[in-house]
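K.L.:
The residues making up each chain are set out below.
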Amino acid sequence: MNRSTRFLSALLLGASFFAIFLAWRTATAPMDFADLKTVLTTTTATFGSLLGIITAGLMFTHGKFSELASELGEKTPHYISDTLPLEKIQTIGNNLLALRKSFSILITQSTVEEEKELYRRVIGKSSSIYIDFAILSDLKLKQQGLAETDLMISGMDPQLYPAYKKERHRVKKEWQILATIKQVVDTWEGSTTLVMEKNEKRTSLQQDLRSSISLLGLKEKLDKNSKQVCAEAEEILNELAEDLTKIGGQLRQERIPQLLSQMEQANTIRGNYFYFALAFIATPLFINLLVLPQLSIGTASFFQPVISITSSLSVMGIAFLLLYISKILNV
Amino acid sequence: MKKTTEEKMKTLLAKYTYPPVEVTIPILEKAGRGEEELASQIHEIDVSILSGLMKIFDLKEKNMRTVAKIFGVLLSYYGQKYEPLVLSENRFSLSVSDCPMLHVGKNVNVATRSKYCDVLCSSTAKALAKLVLGDSSRCSWDKALIRDGRKCTVAFELVKSK
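Chains as they are written, first to last, in this note's numbering: chain A, 1 to 331; chain B, 1 to 162.
The hints are simulated quantities; they were obtained by calculation from the structure and are not laboratory data. Bear in mind that the values here come from a model prediction, so they are computed numbers and not experimental data. Ideal placement from N, C-alpha and C gives every residue a C-beta, glycine not left out. Treat the hints with care, as some may be off.
Below are the DSBU-like pairs computed for lysine-lysine, each with C-alpha atoms no more than 35 Å apart in a straight line [claimed, not checked]: (1) A:K101 / B:K10; (2) B:K10 / A:K116; (3) B:K69 / A:K246; (4) B:K81 / B:K143; (5) A:K221 / B:K69; (6) A:K88 / B:K2; (7) A:K246 / B:K55; (8) B:K2 / B:K81; (9) A:K101 / B:K8; (10) B:K30 / B:K151; (11) B:K81 / A:K246; (12) B:K81 / B:K55; (13) A:K88 / B:K3; (14) B:K8 / A:K116; (15) A:K101 / B:K15; (16) B:K8 / A:K221; (17) B:K115 / B:K55.
So these bits of chain B aren't anywhere near chain A, every CB distance computed over 10 Å [to be verified]: (18) T5; (19) S48; (20) K55; (21) L59; (22) I70; (23) L74; (24) V86; (25) S114; (26) D118; (27) K130; (28) R138; (29) L158.
Just the calculated beta-carbon pair ranges, DEER-fashion [unchecked claim]: (30) A:I107 / B:T5: 36 to 42 Å; (31) A:E232 / B:R33: 24 to 30 Å; (32) A:I107 / B:K15: 24 to 30 Å; (33) A:A163 / B:K62: 52 to 58 Å; (34) B:S51 / A:E232: 25 to 31 Å; (35) A:G14 / B:S114: 51 to 57 Å; (36) A:T203 / B:A155: 27 to 33 Å; (37) A:T203 / B:S114: 24 to 30 Å; (38) B:K8 / A:Q228: 29 to 35 Å; (39) B:R150 / A:I107: 36 to 42 Å; (40) A:I107 / B:G149: 32 to 38 Å.
Put together the whole structure using the sequences plus the hints.
P.N.:
Here it is as structure tokens:
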């Protein structure tokens, strides 16, 4: 839950308590049945308007999503066929597996925990990129009518395969292919999105690999054992840098990270605000339209505070919808 | 296609990477040696980076202004916050609020941090003396961050020969 959601939840909770308090204060006042009917009619009309706003909100979101998805969808086939030829995917895959192997050996040779941690990071990020390329290879082969070829799965070990299955299951839409490619680039060179808050410093694979090579270079001066691994890692680093930096450059040139970030933002807004607003409208709707009309005059008078609360909730629902639409417009 | 200044800088700084101190210090401490090797490696990297930056930014003047520019670029690239304090013909000083020694493990004591702070800073000072300021320059650092201070002051001075 992010900060703004927490703030909004707190605000709503506070408003709900305030509404309950107001209702409790007025509960003792007598109420005429005609007045109660007027309240119900007004609430019904309010709900009608709210439903109209919801429909408009839904249509607007759908339009925004379609626009972004079609823009990204248009670019996807080109990436799959031209930017990522099968030979390149295979070369990158082999290099990543070689890295995993070399650094696994380095971990067993090291006795210093900090050093082991650095090598573990290299292995983890290499595995993550390998999984992403396995997904891309699978989708590419499917697109070209070579389904179930599973070219890169044979190179996976028992730890890697479940992670691949999980990630592969996640990619369902065409635009998610580009999100996978962006994930590869981000893991390799670090996220280049302009981040104002630098609270969390995550290193990239490129950075970890360069640090490892520099460290191995120093160890080489102390003992001669790490010479071969260092040279191998440097060669792999150069090859990966050439391939992945080119892919990253193309992504940025075509504004893919920005478009994906807009999709992500729109998704978050929908999740955080829309369903929240929907719940706030559905609940009073259910109470005011279905429960209250079934009650006798006496019981309805007794439930007068409920009407006040549900009416407050529906007002909050409107506020949420307006907030939601304004956020969508700013995506 | 001609590379932009940013691209040249990115390539340069990616090519020469410092060994991560948070990993290097425990290794050298365990081995009980290797400080000289570390100092020479850092010096080589410093010389390569500094001469590369001078070439990229076409910094031909060998004065404090050049040192200030190089420091600004380098510290910003590595995400370190700094504040320039004095810039004159004979003196340049700045304060930094972050230092690689703050990122080493908690089990590394102050004396060890101080020792490696000297290794790192003296290597850079030597590289700057070699490339920009010449033998008459002096560099000092107060290690305040290691001793729980908020900012560390680094100063370069040109000492007039008698």
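K.L.:
For each hint, tell me whether it holds in the structure or not.
P.N.:
Outcome of the hint check:
Distance check on the hinted pair: K101 of chain A and K10 of chain B sit about 29 Å apart at the alpha-carbon level, within 35 Å; holds. About 28 Å separates the Cα atoms of K10 of chain B and K116 of chain A, which keeps this hinted pair within 35 Å; it holds. For the hint pairing K69 of chain B with K246 of chain A, the CA-to-CA distance comes to about 31 Å; that is within 35 Å, so the pair holds. For the given pair, K81 of chain B sits about 16 Å from K143 of chain B by alpha-carbon distance, which is consistent with the 35 Å threshold.
Restraint check for K221 of chain A and K69 of chain B: the C-alpha separation of about 33 Å stays at or below 35 Å, so the hint holds. For the proposed pair K88 of chain A and K2 of chain B, the alpha carbon gap of about 26 Å is at most 35 Å, so the pair holds. A C-alpha spacing of about 25 Å is found between K246 of chain A and K55 of chain B, which places the hinted pair at or below 35 Å, so the restraint holds. Straight-line distance between C-alpha atoms of K2 of chain B and K81 of chain B comes to about 31 Å, which keeps the hinted pair within the 35 Å bound.
Proposed proximity of K101 of chain A and K8 of chain B is supported: the alpha carbons are some 32 Å apart, at most 35 Å. With a C-alpha separation of about 30 Å, the suggested pairing of K30 of chain B with K151 of chain B holds against the 35 Å cut-off. A threshold of 35 Å between alpha carbons decides the hint, and for K81 of chain B with K246 of chain A the separation of about 31 Å falls inside it, so the pair holds. Distance check on the hinted pair: K81 of chain B and K55 of chain B sit about 25 Å apart at the alpha-carbon level, within 35 Å; holds.
As the CA atoms of K88 of chain A and K3 of chain B are separated by approximately 25 Å, the hinted pair is consistent with the 35 Å bound. Under the criterion of a C-alpha separation no larger than 35 Å, the hint pairing K8 of chain B with K116 of chain A is consistent with the structure, at around 32 Å. Between the alpha carbons of K101 of chain A and K15 of chain B the distance comes to roughly 24 Å, so the proposed pair stays at or under 35 Å and holds. The hinted pair formed by K8 of chain B and K221 of chain A meets the criterion: a straight-line CA distance of about 29 Å does not exceed 35 Å.
The suggested pairing of K115 of chain B with K55 of chain B holds, with an alpha-carbon distance near 32 Å, which does not exceed 35 Å. Under the 10 Å C-beta cut-off, the non-interface status given to T5 of chain B relative to chain A holds; the minimum distance is some 17 Å. With a least beta-carbon separation of about 12 Å from chain A, S48 of chain B lies farther than 10 Å from that chain, consistent with its non-interface assignment. No Cβ of chain A comes within 10 Å of the Cβ of K55 of chain B; the nearest lies about 21 Å off, and the non-interface call holds.
No Cβ of chain A comes within 10 Å of the Cβ of L59 of chain B; the nearest lies about 25 Å off, and the non-interface call holds. Against the 10 Å criterion, I70 of chain B stays outside the reach of chain A, whose nearest CB is about 21 Å from its own CB. Distance check on L74 of chain B: its Cβ is at least 16 Å (rounded) from any Cβ of chain A, clearing the 10 Å threshold; non-interface status holds. Under the 10 Å C-beta cut-off, the non-interface status given to V86 of chain B relative to chain A holds; the minimum distance is some 28 Å.
For S114 of chain B, the non-interface assignment is confirmed: its Cβ lies about 19 Å from the closest Cβ of chain A, beyond the 10 Å cut-off. No beta-carbon of chain A is positioned within 10 Å of the beta-carbon of D118 of chain B; the least distance is around 17 Å. Look at K130 of chain B: its CB is around 21 Å from the nearest CB on chain A, clear of 10 Å, so calling it non-interface holds up. The beta carbon of R138 of chain B is kept farther than 10 Å from every beta carbon of chain A, the shortest such distance being approximately 28 Å.
With a closest Cβ-Cβ approach of about 32 Å to chain A, L158 of chain B is found to remain outside the 10 Å limit, as its non-interface label requires. The hint said 36 to 42 Å for the Cβ distance between I107 of chain A and T5 of chain B, and at roughly 39 Å that hint holds. Checked against the given bound of 24 to 30 Å, the beta carbons of E232 of chain A and R33 of chain B, roughly 26 Å apart, stay inside it. One distance hint, 24 to 30 Å for the beta-carbon pair I107 of chain A and K15 of chain B, holds here, with the actual separation near 26 Å.
As the Cβ distance of A163 of chain A to K62 of chain B is approximately 54 Å, the hint placing it in 52 to 58 Å holds. Range check, S51 of chain B to E232 of chain A: about 29 Å between beta-carbon atoms, so the 25 to 31 Å window is met. Our hint of 51 to 57 Å for G14 of chain A and S114 of chain B holds, since their Cβ atoms are close to 52 Å apart. With their beta carbons about 31 Å apart, T203 of chain A and A155 of chain B fall inside the hinted range of 27 to 33 Å.
Our hint of 24 to 30 Å for T203 of chain A and S114 of chain B holds, since their Cβ atoms are close to 26 Å apart. Restraint check, K8 of chain B to Q228 of chain A: a C-beta distance of roughly 32 Å satisfies the suggested window 29 to 35 Å. Under the hint 36 to 42 Å, the C-beta atoms of R150 of chain B and I107 of chain A, about 38 Å apart, fit the expected range. The hinted range of 32 to 38 Å is satisfied by I107 of chain A and G149 of chain B, whose Cβ atoms lie roughly 37 Å apart.
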